[in-house]
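Asker: In case you want the letters, here they are:
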Amino acid sequence: MKEEKEKKGNEWIPMKVEKVSAPEFIVPIGPFHPALLEGEFLRLKVDGEKILEADIKLGYNYRGIMKLAEGRSYWRNLYLFERVCGICSHAHTTCYTRTVEMLGEIEVPERAKYIRTLVAELERIHSHLLWAGVGMELIGFRTLFMYIWREREHVLDILEMISGNRQHYAMNTIGGVRRDIPKELVPKIREKLARLKISLEKLTRSIVGDSVIKRRTKGVGKLDKNIAKKICVVGPVARATGIKIDVRKDDPYLAYEEASFEIVTADDGDVFSMVAVRLQELFQSINICEYCLNMLEKTKGPIRIEVEEFPIKEAVGKVEAPRGELMYYIVSNGSNIPERVRVRTPSYMNDYAILFMLKDQMLADAPIVIASVDPCMACTDRAIYIEDIKSGKKRWESLYNLSKKYGGRKK
Amino acid sequence: MGLIDKIKEKMKELLKNDYLEDKSDNYNRFYIRTRSNRIREVTKMLVEEFDGRLIAISANDLGFEGFDLIYHFDFSHFEKHLHVAVKVRIPRKKPIVDSVSDIAWSANWAERELMDLMGIKFIGHPDPRRLFLPYAWPSEEVA
Numbered sequence: 033m034k035e036e037k038e039k040k041g042n043e044w045i046p047m048k049v050e051k052v053s054a055p056e057f058i059v060p061i062g063p064f065h066p067a068l069l070e071g072e073f074l075r076l077k078v079d080g081e082k083i084l085e086a087d088i089k090l091g092y093n094y095r096g097i098m099k100l101a102e103g104r105s106y107w108r109n110l111y112l113f114e115r116v117c118g119i120c121s122h123a124h125t126t127c128y129t130r131t132v133e134m135l136g137e138i139e140v141p142e143r144a145k146y147i148r149t150l151v152a153e154l155e156r157i158h159s160h161l162l163w164a165g166v167g168m169e170l171i172g173f174r175t176l177f178m179y180i181w182r183e184r185e186h187v188l189d190i191l192e193m194i195s196g197n198r199q200h201y202a203m204n205t206i207g208g209v210r211r212d213i214p215k216e217l218v219p220k221i222r223e224k225l226a227r228l229k230i231s232l233e234k235l236t237r238s239i240v241g242d243s244v245i246k247r248r249t250k251g252v253g254k255l256d257k258n259i260a261k262k263i264c265v266v267g268p269v270a271r272a273t274g275i276k277i278d279v280r281k282d283d284p285y286l287a288y289e290e291a292s293f294e295i296v297t298a299d300d301g302d303v304f305s306m307v308a309v310r311l312q313e314l315f316q317s318i319n320i321c322e323y324c325l326n327m328l329e330k331t332k333g334p335i336r337i338e339v340e341e342f343p344i345k346e347a348v349g350k351v352e353a354p355r356g357e358l359m360y361y362i363v364s365n366g367s368n369i370p371e372r373v374r375v376r377t378p379s380y381m382n383d384y385a386i387l388f389m390l391k392d393q394m395l396a397d398a399p400i401v402i403a404s405v406d407p408c409m410a411c412t413d414r415a416i417y418i419e420d421i422k423s424g425k426k427r428w429e430s431l432y433n434l435s436k437k438y439g440g441r442k443k
Numbered sequence: 351m352g353l354i355d356k357i358k359e360k361m362k363e364l365l366k367n368d369y370l371e372d373k374s375d376n377y378n379r380f381y382i383r384t385r386s387n388r389i390r391e392v393t394k395m396l397v398e399e400f401d402g403r404l405i406a407i408s409a410n411d412l413g414f415e416g417f418d419l420i421y422h423f424d425f426s427h428f429e430k431h432l433h434v435a436v437k438v439r440i441p442r443k444k445p446i447v448d449s450v451s452d453i454a455w456s457a458n459w460a461e462r463e464l465m466d467l468m469g470i471k472f473i474g475h476p477d478p479r480r481l482f483l484p485y486a487w488p489s490e491e492v493a
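As given, the protein sequences belong to chains A and B, one line each in that order.
Residue numbers for the first sequence follow this note's numbering, so the first one is 33 and each next one is one higher.
Residue numbers for the second sequence follow this note's numbering, so the first one is 351 and each next one is one higher.
It is possible that some hints are incorrect.
What the hints assert, rightly or not - List of simulated lysine-lysine pairs, BS3-like, C-alpha gap at most 27 Å:
no. : chain 1 : residue 1 : chain 2 : residue 2
1   : B       : Lys-394   : A       : Lys-261
2   : A       : Lys-262   : A       : Lys-281
3   : A       : Lys-261   : B       : Lys-356
4   : B       : Lys-373   : A       : Lys-281
Said to hold, decoys possible - Not the full set, but computed from the structure, chain A residues with beta-carbon under 10 Å of chain B:
no. : residue
5   : Gly-96
6   : Arg-182
7   : Arg-184
8   : Lys-276
9   : Phe-342
10  : Lys-345
11  : Val-348
12  : Gly-349
13  : Met-359
14  : Gly-366
15  : Ile-369
16  : Arg-374
I should point out that these hints are in silico values taken from the structure, not numbers from a laboratory.
Idealized CB from N, CA, C, for every residue including glycine.
Model the full structure from these sequences, guided by the hints.
Answerer: So, in structure tokens, the structure goes:
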């Protein structure tokens, strides 16, 4: 008997798990975003590895910027809207100033137009490169992430040369821009842009032509054109599905009416076409930048005009931010404080598309699909505050000198 | 005849006496006011017939006069700068309006946002949950 028991004890009995039909299971992602480290909460209903349905919850950053704007004067709102988003801060103030200028039917000076356009396009390049780097890292190309962000550093250098800041440029003011671009800077910017163009061509070739990236992104996260039309996606996401919309062409503002560029579109609506559209847009942006630099050399004159009155009126202003169409709607009551400001950011429309793109995808593809629309939670929640130390007028110049001294870059 | 004339003509035909106000500015923006019970018909016409994009809904708190709801329709992909804003006014004591999110899907989040922040109730919304506020936020029952 004893021997038998010992024998049984040594015997290996496999754990018996009954075969069950895979139940629907909910995978929570967030509130920390898997790709861009911002607050949003996704819930994915999965069957095994396949995503059946997705749901999104926003509001983890809500600070009520639209309400804040109703209690500040038009001038103080400028600083508020600069801080709606950390990446496309210039687009927000451009749209805000454009709408306020529409209230008073003000035309900004020519030189201010070119400076605004130049900074806006530089910002688009930096934003697209930032996205491309993060996207490549998500599908496992850490080296590409490093390479892309190295190129992005050139753009940030240019922006620092122009404004003194790498992120919040504070260039716009109602009726013009706050700083001029000195003539000595123009050739330097041009030189940097030329260098950037060469390296971007190399990068684009290696990304779009790479067979591994193609396999990882082609056919993944497909957004149907009809659905895209119904939910009114904007910007590169819309253009990647074949909808030809671009505020710069449809509702031209600043110098976009004169500058020549094309709307880049793709047909598939998958992650690959979103990558391709954004990369091709970089070259269009560089062309616009070069046009603005040429015009800056030719034009002279004031960079801002005085604005004092805001008549009782309402205005709708639209701007093509890096992520798509940005809309401001301002109602004025005749005082120096706006009655109502409505901010409709591009991510507000594009984030909705994530829910449709995630359907029938693999769970492992979820991060790149979520990141492919370039979601900007700060925009959607209108919240993130990036603290900036207030300084005097001469600050940007001294900062530039400082960066020249200690930045380790020799020119 | 431009696109906006066609839109206006059709809207007048549809709304008749409910076509209350018609404003425009030098930037090709048009502001048209109607009654709140006609908003579904107007949205259906502008989205399905004219292929407009409903890009935003905004609400304006007017104090005791109620709320102004502004539906922003974008037509700039057909004609440069063209933008039509349809306004409706709803009373403060009974802030109720028909939902349009089954006609224009892009209104879904905009209506949820207004439900959260302004307390306006959209009847027939397919997914009337909180968007920006926490799910457990106490709701104020209207009417």
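Asker: Going straight from one Cα to the other, do Lys-261(A) and Lys-356(B) come out at no more than 27 Å?
Answerer: holds (22 Å)
Asker: Holds or violated: are the alpha carbons of Lys-394(B) and Lys-261(A) at most 27 Å from each other?
Answerer: holds (15 Å)
Asker: Regarding the hint that Phe-342(A) lies at the interface with chain B, is the smallest CB-CB distance below 10 Å?
Answerer: violated (14 Å)
Asker: Can Gly-349(A) be said to touch chain B, with a Cβ gap under 10 Å?
Answerer: holds (9 Å)
Asker: Against chain B, with CB atoms and a cut of 10 Å, does the hint on Lys-345(A) hold up?
Answerer: It holds, given that the least Cβ distance between Lys-345(A) and chain B is near 7 Å, below 10 Å.
Asker: With a cut-off of 27 Å on the C-alpha distance, tell me whether Lys-373(B) and Lys-281(A) pass.
Answerer: Holds, at roughly 25 Å.
Asker: Would the hint on Met-359(A) be counted as holding, given a Cβ-Cβ threshold of 10 Å to chain B?
Answerer: holds (6 Å)
Asker: Answer holds if the nearest beta-carbon of chain B is closer than 10 Å to that of Gly-366(A); otherwise answer violated.
Answerer: violated (15 Å)
Asker: Under 10 Å is the threshold here; is the Cβ of Ile-369(A) close enough to any Cβ of chain B for the hint to stand?
Answerer: The hint is violated - Ile-369(A) has no Cβ within 10 Å of chain B, the shortest such distance being about 15 Å.
Asker: Quick check on Arg-182(A) please, does its C-beta sit within 10 Å of some C-beta on chain B?
Answerer: Because about 37 Å separates Arg-182(A) from the closest Cβ in chain B, which is outside the 10 Å limit, the hint is violated.
Asker: Can you confirm whether the C-alpha distance between Lys-262(A) and Lys-281(A) stays at or below 27 Å?
Answerer: holds (21 Å)
Asker: Holds or violated: Val-348(A) as interface residue toward chain B, Cβ cutoff 10 Å?
Answerer: holds (5 Å)
The structure shown violates the earlier hints numbered 6, 7, 9, 14 and 15.
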